[in-house]
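A.B. asks: Single-letter residue listing:
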Amino acid sequence: MKGLCGAGIPARQSGSRTKLRDGRDHASVHRERLRFAGRNACATRLLLLAIVFFPALAHAYAGPGAGFAVLSSFWAIFVAFLYSFYALMTWPFRQVFRFLRRRNAYGKAKFKRAVVLGFDGMDPDLAERFMNEGKLPNLAKLRERGTFSKLRTTFPAISPVAWSTFMTGVNPGKHNIYDFLARDTSNYLPFLSSAEIKGPKRHLKIGKYSIPFGKTEIKGMRKGTPFWHWLGKAGIFSSVIRVPVTFPPEKFSGVLLSGMCVPDLKGSQGTFCLCTTRSSGDKFREGGVRVPVDRVNGVCRSYIPGPENPLAEKAGGELRVKFEIRPEPGSEQARILVGSEKLTLKVGEYSEWIPVEFKAGLGFTAHGICRFLLKEVAPEVEVYVTPVNIDPGHPDLPISHPVTYSIYLAKLYGPYATLGLAEDTWALNEHVLDDDAFLAQAYGNHEDRERMLFDALEKTKQGLCTCVFDTTDRVQHMFWRYLDEDHPAARDVPRDQRPRVIENLYQRMDRLIGRVMQQIDQDTLLMIVSDHGFKSFARCVNLNAWLHQNGYLALKDGKTESGDWFEDVDWSRTCAYTMGLNGLYLNIKGREKQGIVDPAEANALKEELRQKLDGLADPASGAVGITGVFITDSVYRGPYTENAPDLLVGCGAGYRASWDSVMGKVTGQVFEDNIKAWSGDHCIDPRLVPGVLFSSHKFVAEKPAIVDVAPTILQLFGLALPAHFDGKPWALAPAAAESLNRS
Amino acid sequence: MFPLLKPTAFRAQAPALLAFKIFLLTSPLAIVVVLSLVVGLAMVVLFGYTSDQKAIKVAKDRLKAHLLAVRLFRDQLPVVMGSYGKILRGTGRYLKLAFKPLLYVIIPITVLIVQLDRCLGSTPLQRNVPFLLTVSTTGADVLNGVSLELPPEIAMTAPAVRIPAGNEIVWRLTAAADGEYEARIAAGGQSVVKTVRVSSDLARVSPVRLRGRFWERIFTSGEAALPQSGPIESISINYPERNIEIAGYEINWIWLFFILSMVAGFLFKGLLGIQI
Numbered sequence: 001m002k003g004l005c006g007a008g009i010p011a012r013q014s015g016s017r018t019k020l021r022d023g024r025d026h027a028s029v030h031r032e033r034l035r036f037a038g039r040n041a042c043a044t045r046l047l048l049l050a051i052v053f054f055p056a057l058a059h060a061y062a063g064p065g066a067g068f069a070v071l072s073s074f075w076a077i078f079v080a081f082l083y084s085f086y087a088l089m090t091w092p093f094r095q096v097f098r099f100l101r102r103r104n105a106y107g108k109a110k111f112k113r114a115v116v117l118g119f120d121g122m123d124p125d126l127a128e129r130f131m132n133e134g135k136l137p138n139l140a141k142l143r144e145r146g147t148f149s150k151l152r153t154t155f156p157a158i159s160p161v162a163w164s165t166f167m168t169g170v171n172p173g174k175h176n177i178y179d180f181l182a183r184d185t186s187n188y189l190p191f192l193s194s195a196e197i198k199g200p201k202r203h204l205k206i207g208k209y210s211i212p213f214g215k216t217e218i219k220g221m222r223k224g225t226p227f228w229h230w231l232g233k234a235g236i237f238s239s240v241i242r243v244p245v246t247f248p249p250e251k252f253s254g255v256l257l258s259g260m261c262v263p264d265l266k267g268s269q270g271t272f273c274l275c276t277t278r279s280s281g282d283k284f285r286e287g288g289v290r291v292p293v294d295r296v297n298g299v300c301r302s303y304i305p306g307p308e309n310p311l312a313e314k315a316g317g318e319l320r321v322k323f324e325i326r327p328e329p330g331s332e333q334a335r336i337l338v339g340s341e342k343l344t345l346k347v348g349e350y351s352e353w354i355p356v357e358f359k360a361g362l363g364f365t366a367h368g369i370c371r372f373l374l375k376e377v378a379p380e381v382e383v384y385v386t387p388v389n390i391d392p393g394h395p396d397l398p399i400s401h402p403v404t405y406s407i408y409l410a411k412l413y414g415p416y417a418t419l420g421l422a423e424d425t426w427a428l429n430e431h432v433l434d435d436d437a438f439l440a441q442a443y444g445n446h447e448d449r450e451r452m453l454f455d456a457l458e459k460t461k462q463g464l465c466t467c468v469f470d471t472t473d474r475v476q477h478m479f480w481r482y483l484d485e486d487h488p489a490a491r492d493v494p495r496d497q498r499p500r501v502i503e504n505l506y507q508r509m510d511r512l513i514g515r516v517m518q519q520i521d522q523d524t525l526l527m528i529v530s531d532h533g534f535k536s537f538a539r540c541v542n543l544n545a546w547l548h549q550n551g552y553l554a555l556k557d558g559k560t561e562s563g564d565w566f567e568d569v570d571w572s573r574t575c576a577y578t579m580g581l582n583g584l585y586l587n588i589k590g591r592e593k594q595g596i597v598d599p600a601e602a603n604a605l606k607e608e609l610r611q612k613l614d615g616l617a618d619p620a621s622g623a624v625g626i627t628g629v630f631i632t633d634s635v636y637r638g639p640y641t642e643n644a645p646d647l648l649v650g651c652g653a654g655y656r657a658s659w660d661s662v663m664g665k666v667t668g669q670v671f672e673d674n675i676k677a678w679s680g681d682h683c684i685d686p687r688l689v690p691g692v693l694f695s696s697h698k699f700v701a702e703k704p705a706i707v708d709v710a711p712t713i714l715q716l717f718g719l720a721l722p723a724h725f726d727g728k729p730w731a732l733a734p735a736a737a738e739s740l741n742r743s
Numbered sequence: 001m002f003p004l005l006k007p008t009a010f011r012a013q014a015p016a017l018l019a020f021k022i023f024l025l026t027s028p029l030a031i032v033v034v035l036s037l038v039v040g041l042a043m044v045v046l047f048g049y050t051s052d053q054k055a056i057k058v059a060k061d062r063l064k065a066h067l068l069a070v071r072l073f074r075d076q077l078p079v080v081m082g083s084y085g086k087i088l089r090g091t092g093r094y095l096k097l098a099f100k101p102l103l104y105v106i107i108p109i110t111v112l113i114v115q116l117d118r119c120l121g122s123t124p125l126q127r128n129v130p131f132l133l134t135v136s137t138t139g140a141d142v143l144n145g146v147s148l149e150l151p152p153e154i155a156m157t158a159p160a161v162r163i164p165a166g167n168e169i170v171w172r173l174t175a176a177a178d179g180e181y182e183a184r185i186a187a188g189g190q191s192v193v194k195t196v197r198v199s200s201d202l203a204r205v206s207p208v209r210l211r212g213r214f215w216e217r218i219f220t221s222g223e224a225a226l227p228q229s230g231p232i233e234s235i236s237i238n239y240p241e242r243n244i245e246i247a248g249y250e251i252n253w254i255w256l257f258f259i260l261s262m263v264a265g266f267l268f269k270g271l272l273g274i275q276i
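Chains A and B supply the protein sequences, listed in that same order. Here the working numbering is used: position 697 in the first sequence is 697, and no number is missing along the way. Here the working numbering is used: position 191 in the second sequence is 191, and no number is missing along the way.
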């Protein structure tokens with residue numbers, strides 16, 4: 001549909017300028033067509049009226065199609081009428097009840113509505129540069145009239161951590177999110193820090209089936225209370241769209257669509273699939289699987305791997321959806337048949353979201369959606385399939401509050417990406433997608449998000465409307481290489497041929513802000529925040545390698561490198577290890593299963609590591625690779641500090657923890673080039689990557705931080721601040737406050 | 001062993017069983033059931049081919065979305081009212097899309113229903129049960145000149161009753177034997193016939209023969225039009241209305257057909273993946 005719309009616009013535009021062979025121009029033909037269509041439409045309407053109202057025909061029932069249409073239409077109108085009537089009749093009572101219970105929710109509010117847009121990873125330096133170049137007129141307008149400032153981020157500067165702080169108004173020691181991953185001290189393996197999904201405990205075995213009894217348990221690991229819960233308690237409605245770490249969704253007075261950390265249907269954070277006739281190919285490092293395509297008589301058959309079969313007795317029984325690819329001879333296109341869907345794709349073209357059902361038997365079905373990209377039809381056949389997202393119109397896991405909200409959006413705009421990290425960065429890293437295909441996917445998701453935002457703006461005339469856009473983060477991660485002077489991942493692309501992807505991205509976001517500004521009035525506060533900024537990621541630092549070389553981490557005898565997740569690490573001789581993006585852990589006796597560091601000596605060891613790592617230089621250039629090492633005891637406070645890493649390692653600009661180090665792997669080299677498309681990052685020294693704050697009204701705030709957003713919003717709505725908040729509310733500048741008082 | 005399963009007993013009772021089966025298959029209920037299934041399937045397939053399936057899905061989904069909006073944003077009255085307006089507009093759009101295929105099916109289905117109604121809408125006359133034959137004329141002045149000629153199997157049981165106020169003349173008749181007969185009516189120098197169907201089985205009947213009135217004739221009469229030049233406007237027979245008994249309730253066949261074909265359509269649309 002997107003393709004059709006895109007094709008339609010230029011066709012209409014060019015049509016008005018050209019002439020036909022008979023001398024008439026397209027416009028006159030179009031007018032004639034309209035007149036004809038008008039006559040036709042008129043005749044059709046008359047015919048319909050005759051059919052419906054002509055007595056002789058009225059009793060001639062015209063088949064189940066028309067019957068259903070009439071019945072369901074009346075049903076829809078009837079139900080809608082009942083709902084509306086109920087809402088209308090009970091509205092005064094509910095208002096009175098609310099007034100008696102909470103007094104006037106907006107009595108002390110300075111604004112009728114707050115619109116908070118999250119642009120994940122928008123960098124203040126880049127924004128300022130583009131504004132100064134006149135490329136971001138709407139953001140420049142906000143800078144002139146309202147606020148533009150750097151926004152201090154969290155330690156570490158990682159999205160789930162920062163957005164958790166954004167919504168709860170507390171430091172990570174109180175919300176328990178320190179990274180995407182946390183470690184299990186019983187086996188040194190990682191687990192997702194934001195949510196835990198457990199299948200039913202009891203199973204009934206019947207023949208080859210093992211039927212689960214009870215519900216799947218989804219436990220949110222993020223603690224703390226999002227500020228929209230406080231608003232809801234005061235009677236203020238909120239629409240919250242795709243704020244990270246809101247899975248599983250919690251109940252409150254408003255609607256919420258979960259964002260980053262929502263898994264795909266396999267339960268992973270996104271596993272793409274490359275279906276190919278090519279027999280060989282390395283295993284993808286992470287994030288994807290290669291699936292064979294069998295070609296018989298010109299018809300290619302393959303499958304989409306799905307979740308584990310919940311009825312299988314043994315783990316590992318994967319559900320699959322089979323599909324066919326029928327290349328059309330002589331043309332660069334193929335027909336794809338999956339379930340009841342039939343689609344024709346050209347090479348390089350994406351399908352729309354296609355529903356897929358993974359059937360386990362006995363009526364158990366997992367509902368997902370995915371998109372196909374036809375990569376090649378001759379001589380080999382290759383199809384890329386996105387990670388299978390949870391179907392928002394038929395969610396098998398709760399991805400919104402209420403559950404019907406995701407369904408509502410799916411019915412209104414069609415299926416949309418629900419996966420937390422919906423833009424397939426792994427596929428671009430692995431060269432399964434090229435730059436254009438990645439951008440098409442990312443901006444497709446972005447357009448869906450824009451539609452959701454504008455619907456929320458329309459529906460939330462009073463209260464809070466907040467929406468986080470991930471495109472800014474993903475595109476900067478993947479295209480920073482073209483911004484850098486000499487990035488290892490873009491050395492083969494001449495400077496004058498490098499696309500201006502990031503500049504275009506900022507301009508696109510600016511246009512979005514312009515459209516939002518047209519929708520709001522003086523009584524609405526518009527705030528744009530980013531959770532962190534961005535820097536180049538040109539060099540990798542393997543801290544596990546450094547720990548190994550410096551005697552803090554030991555490998556089993558005869559080993560010089562380890563496998564992923566500390567395979568071949570000798571824990572009985574290991575004092576410290578690292579996994580994830582910034583955390584460094586001591587192997588403490590009594591805490592880790594095979595801990596050896598006496599808790600009494602832990603502080604001394606932390607200090608020793610801090611001193612040795614801080615200022616660590618890259619031998620290749622002499623540049624400082626690590627600019628700050630922070631002992632977390634002095635950074636965090638709160639009830640969950642025991643789950644925090646012992647030290648946070650902040651890399652310098654241009655550096656980040658290596659891909660291997662993140663996955664708990666010890667390699668021979670500490671520093672190496674990053675040659676992946678993932679070329680920009682922010683998981684470095686948080687002082688180097690502040691976020692950004694724009695607002696429509698001027699705030700007076702010294703060194704504003706992301707932790708201040710929640711208290712600021714609550715205070716602007718006239719609510720008392722919870723005592724446990726770490727953030728401090730910003731005050732409106734006197735002029736802004738005065739103009740609000742006048743209005 | 002159950003007697004019917006014994007080969008000898010089965011052979012003896014086979015004709016009775018066959019007759020019973022034929023009765024079941026030719027009973028009005030069986031015909032309506034089978035026909036509803038067939039029509040349900042055919043119409044759903046036709047609907048799938050003749051409608052804009054994608055547009056119907058979008059229209060239906062949007063309707064559902066607006067319904068959900070009323071529920072999700074129930075405390076915001078402007079949203080509720082706005083959604084209600086969108087539901088009304090969406091319903092109109094959906095009906096427009098759903099009725100487009102109606103243009104393709106309206107003629108065949110109407111013809112089918114009319115034809116079926118001649119068999120299933122009324123029961124034929126029964127032997128020795130009185131019935132009325134009514135002739136309607138252009139004016140009261142011709143009533144005295146109207147005469148009736150009957151076949152030997154049909155007898156008049158009472159003298160003709162003339163109703164000048166309604167320009168009508170009515171005869172009470174009975175039939176002695178099953179069959180299709182012709183009653184000849186003469187008036188104004190012209191003679192016309194009206195078929196009379198006497199049967200205990202399912203049979204096609206025509207309750208009325210009409211002059212002119214094209215649409216009414218299409219829908220209610222199974223005979224040729226009466227001559228325009230003659231004084232007779234219509235000849236009707238009061239065939240009893242047929243009702244089908246289900247679970248102790250009597251129901252007109254067309255309602256049963258409506259319900260069953262809808263159910264069949266509902267089942268087949270799911271199986272065939274067609275949006276209705």
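Treat the hints with care, since some could be wrong.
[Stated by the list, open to error] Listed below are the simulated DSS-like cross-link pairs for lysine-lysine, each with C-alpha atoms no more than 30 Å apart in a straight line:
hint, chain 1, residue 1, chain 2, residue 2
1, A, Lys-359, B, Lys-64
2, B, Lys-64, A, Lys-342
3, A, Lys-135, A, Lys-108
4, B, Lys-86, A, Lys-359
5, A, Lys-251, B, Lys-54
6, B, Lys-64, A, Lys-375
If you're looking for bench data, these hints aren't it; they were derived computationally from the structure.
A.B. asks: What hint numbers does the structure not satisfy?
C.D. replies: Per hint list: 3, 4, 5, 6 violated.
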